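Below are the chains, spelled out letter by letter.
Protein chains: 2
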Amino acid sequence: MSFFDQLKFDANGLIPAIIQEQKTGRVLMMAWMNRASLETTIATGKTHFWSRSRQKYWMKGESSGHTQAVKDIAFDCDGDTLLIQVEQIGAACHEGYQSCFFRSVREGGASAQVTEPQLLSPEQIYGKK
Amino acid sequence: MSFFDQLKFDANGLIPAIIQEQKTGRVLMMAWMNRASLETTIATGKTHFWSRSRQKYWMKGESSGHTQAVKDIAFDCDGDTLLIQVEQIGAACHEGYQSCFFRSVREGGASAQVTEPQLLSPEQIYGKK
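Here the protein sequences come in this chain order: A and B. Each residue of the first sequence is one higher than the one before, counting from 13 in the working numbering. Each residue of the second sequence is one higher than the one before, counting from 13 in the working numbering.
Chain A with its partners taken away, still in its complex shape (with noise of 0.2 angstroms):
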């Protein structure tokens, strides 16, 4: 049985892909792939997305050159979720921070605090606009 067979997209052909370094275990960021993004994601060995505001595929990196190699694929018990395991190039937030997840909140939801140092400036990673 094809693992394609196991997973379960929902109601708009969408499945989230936790994305995690694997040689820190950090993880970096969330992103929804339909199933012709995580066809592309095997076959390449690049992780490749849908973007639900953009109605667009993109590839992780396409305009940054922060590219993810895949290291391996995994789905949960349900199969409603993957757990993607990858080599990083450079920094996975657009905001330059090496996770997307800087911030934790503090003093009971009363506010929220940065975590980890920016690495770089959105306009280092972009260019200015």
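Simulated from the structure, these hints should not be mistaken for laboratory data. Treat the hints with caution; some may be incorrect.
Identical copies look the same in the list; a pair holds intra-copy or inter-copy alike.
[Claimed, not checked] The list that follows gives simulated cross-link-like pairs (lysine-lysine, DSBU-like), each with its CA atoms no further than 35 angstroms apart:
#1 K68 with K58
#2 K35 with K83
#3 K20 with K83
Here the structure is a predicted model, which is why all the values come from computation and not from measurement.
Once you have looked at the hints, place chain B on chain A.
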């Protein structure tokens, strides 16, 4: 500004929560929260979710005893995904594996393989049904 104001819940009032075991870095599961279940998670220090299939609140471990003590709650740059560090009691997966992500893709998507031992059977966790 409350961190709740930095979050974006979806059209159904939900936000995905990635659960990571703090001491090992293992991603254990992904489940959905609404604002009330997130507030309860913060107030009690144990993870609470909203079940989309059962349309009800649930605390992780309420049946199995395999609860999750919250150590950190982070959120991503877009404010639409949570990453929660926990101390996991017992096995996270209802199928008896440490992580729900116990299967990985092999052979370019042609098959899948179990990648970790099953610690308990569902019957051992939940009793015979």
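Hints versus structure:
no., hint, verdict
1, K68 with K58, "within (17 angstroms within a copy, 38 angstroms between copies)"
2, K35 with K83, "both (10 angstroms within a copy, 22 angstroms between copies)"
3, K20 with K83, "both (22 angstroms within a copy, 30 angstroms between copies)"
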